[in-house]
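Since the structure of chain A is provided, determine the placement of chain B on it from the hints.
Chains as they are written, first to last, in our numbering: chain A, 1 to 454; chain B, 455 to 735.
Careful, some of the hints might be misleading.
[Claimed, not checked] As a list, the in silico DSSO-like pairs of lysine-lysine whose alpha-carbon atoms are at most 27 Å apart:
#, chain 1, residue 1, chain 2, residue 2
1, A, 194, A, 321
2, B, 486, B, 589
3, A, 194, A, 162
4, B, 671, B, 486
5, A, 351, A, 162
6, A, 448, B, 486
7, A, 277, B, 589
8, B, 589, A, 448
9, B, 577, A, 277
10, A, 270, A, 448
11, A, 162, A, 217
12, A, 392, A, 162
No lab work stands behind these hints: they were computed from the structure.
This is what each chain is made of:
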Amino acid sequence: MCKRIQNQKKGEIILRKFYSLLLLVALVLVIAACGANDKDNANDKNNKASDNAANDNNDSASGDGGTVEIFSWWTGAGEEEGLLALIDLFNELQPDITVENAAVAGGAGTNAKAVLTTRMQGNDPPSTFQVHGGEELNKSWVAADKMEPINDLYEANDWMDKFPDELIELVSDGDDIYSVPVNVHRGNVVFYNKAVFEEHGIEVPTTLDEFFDVAEKLQAAGVTPLALGDKESWEATMIFENLLAAELGTDGYLDLFAGDIEFDDPKIVKVAEDLGKVLEYVNEDHASRNWQDSAQLVAEGEAAMLNMGDWAKGYFVNDLKLETNEDFGYFAFPGTDGDFSVITDTFGKPKGIDDVPATEEFLTFLGSTEAQDVFNPIKGSIPARIDADVEKYDAYGQDTMEDFKTANLFPSLAHGSAASEGFVTKANQAVNIFVTQGDVDNFITALKNAAPDM
Amino acid sequence: MVFVYGFISWSGYVSLSNYNTIVPDFSFAGLKNYIYLFQDFRFQAGLRNTLFFTILFIGAVIVSGLVLAILLDKSVKGESVFRNIFLFPMALSFVVTGVVWQWLLHPSTGFNYFLKFLNIEPKWYTDTNILAGFKWGSIEFGLPVAIIAVVIAAVWQMTGFSLAMYIAGLRAIPEEVREAARMDGASEFQVYMRVVIPMLMPITMSVVIIMAHISLKIFDLIYAMTGSGANFVTDVPGLYMFETTFRGNYYANGAAISIIMLLLVAVFIVPYLWTNRKGDQ
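Same shape as in the complex, but just chain A (with noise of 0.2 Å):
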């Protein structure tokens, strides 16, 4: 009885041991599992997705129809959606071709843009890339020679009318077009919390001037005026660029970019002592911030306004439930009324390619309505067509879509699509130098220092 009793208690010991040692090894893999979680969850559903096109495949048909294998970093929330629709629909047209999904996760493209440089340099190219318009796609990849032009699926398609010229020219060197639009985001937006403007009876600020009145009231009612989050450095360049764009005019910016403008130019020391001016606004703790950080600032009230591009629309409306007119409202930047900020997704067509047909196949399809109307109201986007269907999209793309139309667009510098990216690279660290510093000759010598690169 007692022997028995005693077994017990020491299988209880045991037991208790073997739990203790389960728990803990349960606790390191919670805690790695935390720890890769951005990445790995992201390649999964990445895996996942792919195996289930590629299945989707081989049930409804022979799969002889080649294998396009589209590589992007589009992983996140939305974009994800957007594109794994646009497979779908794809696989409705095409039952015969295989679609690859090759995503690669993390850090707003330059983790994949690492990989591709990889792949492109060993010649094994992806069937099309996502690449942003402007330089980095003639800078880098046609400038490499490692791009096939594409003007016949232009003209076979109709498609010189469709797209706004300033946007074909912007993926085109010289007559020679190298990759299709799918997308448009808007870089000079600048998004406010309602019920902190109608509190402190603000009016939208169109010029400068008057955003400088606007922020210096908020702030004497202890209101951030601007939310930064330059955790990365490219959200203030953004800043940047937009402040160019309102002293320069988009002309003016478009010649500074072609470098009949040099860096020293007085405006340029202007709109460097603007920015200086404009940082005085934002709230102390954007070094520790990145962009979505500093849009909650602007959520919760804290601070009154947020340059970003639209893809925060998409952060406000679906992560944080706000009400696009309602909870928030947007306007162009300061100055920058009727000029359009472009930040385009495109996708091209590399040299040495397995299956040139196939991925003909896919880049058509990219550029019809059908495609640009099934991703960019799921991504948050406008579609960079300009006779979309405007009813499929919610009122900020319709808003949007509409200025598209008629403004003058200018490229992107933080967003690679107005340099090369190594000039983008040096002038983000001149950006994030001077917004700790605030050293105007510095950072003009800086910008100047590295337009040869440009």
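Showing chain B alone in chain A's frame:
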């Protein structure tokens, strides 16, 4: 052999070329890239940060590891529990540590949430002040306050390692030696200062070497925790190398940075290997 030394010499070759665009250009540039780097604000800042990070990190890891090891060695109750608790952070990756400490030391949340009530609000890794700074080259040379936050996180993670090394070292010191010292009239404090710690010297050397090469090459912790920071107060050469090479396509500059990092690590490793070899003979 090929995969290590072959690639090192390839990096050396690229670092002397003009390969600073996406289109390969292997024409000889001499030391142009190195000269550019040593004049560059960001690189100078990175070297400064690495220097102070290394000093603070190694010092703190040694002191905290040693103190904890001595306390545990006194056979406190529940020693094994404490040992495991201290060792546990070592099982984590630097990325996890970085993310967690990014929250804990965030200037608006984390510890500051409580410190607020004491009216202290350190800005942690967003602080752009340079302590005892003076102008040197294009940067302000001195201790960047922000780097202290990173040091805290790194020390939290690596103390377990030096603790384990020191416990092993302490166990290897025979009790007779300490007895003898006590017989000679040494106080307990003197026993540690004059006998135990000098006898732990080889352990300390190993800890320094291992920690030095972790801190000189540090990338993941900073990448996950702070990024390069405002005014590059938490930037390190590793981070600069990654960004300039893979974002800016400055391959030759990137290669030059990695060669400089290799040389920095060599400064620590080569004397160590040398003395080891001497010891063997």
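Here's how the hints hold up against the structure:
no.: 1; hint: A:194 with A:321; in the structure: holds, 15 Å
no.: 2; hint: B:486 with B:589; in the structure: holds, 24 Å
no.: 3; hint: A:194 with A:162; in the structure: violated, 36 Å
no.: 4; hint: B:671 with B:486; in the structure: holds, 24 Å
no.: 5; hint: A:351 with A:162; in the structure: holds, 26 Å
no.: 6; hint: A:448 with B:486; in the structure: holds, 19 Å
no.: 7; hint: A:277 with B:589; in the structure: holds, 25 Å
no.: 8; hint: B:589 with A:448; in the structure: holds, 23 Å
no.: 9; hint: B:577 with A:277; in the structure: holds, 22 Å
no.: 10; hint: A:270 with A:448; in the structure: holds, 15 Å
no.: 11; hint: A:162 with A:217; in the structure: violated, 45 Å
no.: 12; hint: A:392 with A:162; in the structure: holds, 18 Å
Checked against the numbered hints given earlier, the structure breaks hints 3 and 11 and satisfies all the rest.
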